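Here is how the chains run, residue by residue.
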Amino acid sequence: MINSLDPRIAREQINEDNTIAPLTEMDQFETYEVFHQKKRGDQHVHVGIVHAPNAEMALLFGKEQFGRRGLSVNIWVVKTSNVFASDYDDADIFETVPEKQYREAGGYKVMDKINKYKKENKV
Amino acid sequence: MEHIKELLYKMADDLLVIGHRNSEWTGLGPILEEDIAFSSMAQDKIGHSQALFQILHELGEPEPDTNAFMREAKQFHNAQFLELQNDDYDFSTIRHFLFDHADQLRFDNLANSSYEPLAKVARKIKGELKYHVFHADIWLNKLGNGNEESHARMQTALNNAWNYALGMFEKGDYEAQLIADNTFEGEQSLQNRWLAVITPIIEKANLKIPAEKDWEPVLGGRKGYHTENLDQLVNEMSEVFRIEPGAEW
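Chains as they are written, first to last, in this note's numbering: chain A, 1 to 123; chain B, 1 to 249.
Derived by calculation from the structure, the hints in this document are not laboratory data.
Keep in mind the model is a prediction, meaning the values are calculated, not measured.
Hints are not guaranteed to be accurate.
[As the list claims (entries may be wrong)] In silico contact screen, one side only, chain B against chain A (beta carbon under 10 Å); selected entries:
#1 GLU24
#2 TRP25
#3 THR26
#4 LEU28
#5 ILE31
#6 GLU34
#7 PHE38
#8 SER40
#9 GLN85
#10 ILE179
[Stated by the list, open to error] Partial list, derived from the structure: chain A residues whose beta carbon lies under 10 Å from chain B:
#11 ASP6
#12 ARG8
#13 GLU12
#14 ASP17
#15 PHE29
#16 HIS51
#17 ALA52
#18 MET57
#19 ALA58
#20 LEU59
#21 LYS63
#22 GLU64
#23 ARG68
#24 LEU71
#25 LYS118
Cβ coordinates follow ideal geometry from the N, Cα and C atoms, glycine included.
Construct all of the structure, not just a fragment, from the sequences and the given hints.
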């Protein structure tokens, strides 16, 4: 018998040679992505993933995993398999070419005009 | 105030005992997410019990930890239903369903109690109780309508639990007084409402409540008569506290 300090384990009277069945494919439930909303009107923000057999239970688990600290007013769950994602091999599509600074707001030289206006109008 | 103390003690003990039993699933639950959810609800129950022990303390009873951990099993007022071993997840789920509905309905009534300290606690924990019942209903439905094995296990667990569950509504000596001064609706009224709420949910889960002719409530818990399961539970639960009762943790 496995002699554990944990009485819950000791009660089970498990043999020392007890072998756990090996994992098989799909012996876990599907995963759902969990999004929570901090207050009405806010965007739902991704907070993590739960395993669940269906959407109803995913909501149940999502609330306890991510909403039990009282920081949420609402959660969404979405099957992970329903999420379409870009490919990490294509990560370069997010790289900005340095010469395109003219497209950023910092590229506009307006401070001179603003200061001139302030001076003239004593703002 | 004896009538209010009696009510508080049975509720506090029910919650402490079921909270401890359910916490025994921590680390052993069927899947990680459920383990966390079930453990979290068990903690809620202990918290609710603590709030009631606190009121008792204000009425002159020992302070909450001492009251919870220093009494012997025969001084507990919980229904025997709650002290039974967890057995498998089927029985635990059925007990969670049957008890939590009664618990929610009881607090729901007490939210309008003439005894304000209790009414305040009832209003405060409303949201937690709602989640507990959501959780229980969804599991009951899934397992009752699952496959042949899950259905058979749930029906067996329900049959085994039923008469113990009816014991939750054992009347105390002060029943009439509690009803008369609008502290509490009384056990009979609570049981009727409970049956009305759980019957359609059980039917939807494709399960059957045992025939009424076989109903024999298991009584005695409220008066300190318990099974040996409660000795085991109290010893295990109090083990650490009793090593050094005055210790600051």
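Checked hints:
The criterion of a C-beta within 10 Å of any C-beta in chain A is met by B:GLU24, whose closest approach is roughly 5 Å, and the hint holds. Taken as an interface hint, B:TRP25 checks out: its beta carbon lies about 8 Å from the nearest beta carbon of chain A, inside 10 Å. Proximity of B:THR26 to chain A holds as hinted, the smallest CB-CB distance being about 8 Å (cut-off 10 Å). The interface hint given for B:LEU28 is met, as the beta carbon of that residue sits about 6 Å from the closest beta carbon of chain A, less than 10 Å.
At its closest, the beta carbon of B:ILE31 sits 6 Å from a beta carbon of chain A; the interface hint therefore holds under the 10 Å criterion. Hint on B:GLU34 holds. Least Cβ distance to chain A is approximately 7 Å, under the 10 Å limit. Because the beta carbon of B:PHE38 sits about 9 Å from the nearest beta carbon in chain A, less than 10 Å, this interface hint is met. At its closest, the beta carbon of B:SER40 sits 5 Å from a beta carbon of chain A; the interface hint therefore holds under the 10 Å criterion.
For B:GLN85, the interface hint holds, since its Cβ comes within 10 Å of a Cβ in chain A; the closest pair sits about 8 Å apart. For the restraint placing B:ILE179 at the interface with chain A, the shortest Cβ-Cβ distance is roughly 35 Å, beyond the 10 Å limit, so the hint is violated. Interface restraint check for A:ASP6: the shortest CB-CB distance to chain B comes to about 8 Å, inside 10 Å, so the restraint holds. The criterion of a C-beta within 10 Å of any C-beta in chain B is met by A:ARG8, whose closest approach is roughly 5 Å, and the hint holds.
The interface hint given for A:GLU12 is met, as the beta carbon of that residue sits about 9 Å from the closest beta carbon of chain B, less than 10 Å. For the restraint placing A:ASP17 at the interface with chain B, the shortest Cβ-Cβ distance is roughly 20 Å, beyond the 10 Å limit, so the hint is violated. Because the smallest distance between the Cβ of A:PHE29 and any Cβ of chain B comes to about 7 Å, under 10 Å, the interface hint for this residue holds. At its closest, the beta carbon of A:HIS51 sits 6 Å from a beta carbon of chain B; the interface hint therefore holds under the 10 Å criterion.
Evaluation of the A:ALA52 hint against chain B yields a held restraint, the C-beta minimum of about 7 Å falling below 10 Å. Restraint check, A:MET57 versus chain B: the minimum CB separation of about 6 Å is within 10 Å; hint holds. For A:ALA58, the shortest C-beta to C-beta distance to chain B is roughly 9 Å, which falls under 10 Å, so the interface hint holds. Because the beta carbon of A:LEU59 sits about 9 Å from the nearest beta carbon in chain B, less than 10 Å, this interface hint is met.
Checking A:LYS63 against chain B by beta carbon gives a least distance of about 7 Å; that is within 10 Å, so the hint holds. With a least beta-carbon distance of about 4 Å to chain B, the hint placing A:GLU64 at the interface is held under the 10 Å criterion. Against a cut-off of 10 Å between C-beta atoms, the interface hint on A:ARG68 holds, since the closest Cβ of chain B lies about 6 Å away. A hinted interface residue such as A:LEU71 counts as satisfied when its beta carbon comes closer than 10 Å to some beta carbon of chain B; here the least separation is about 14 Å, so the hint is violated.
Interface restraint check: A:LYS118 against chain B, minimum CB-CB distance 53 Å, threshold 10 Å, status violated.
Violated hints, in rising order: 10, 14, 24 and 25; the structure is consistent with all others.
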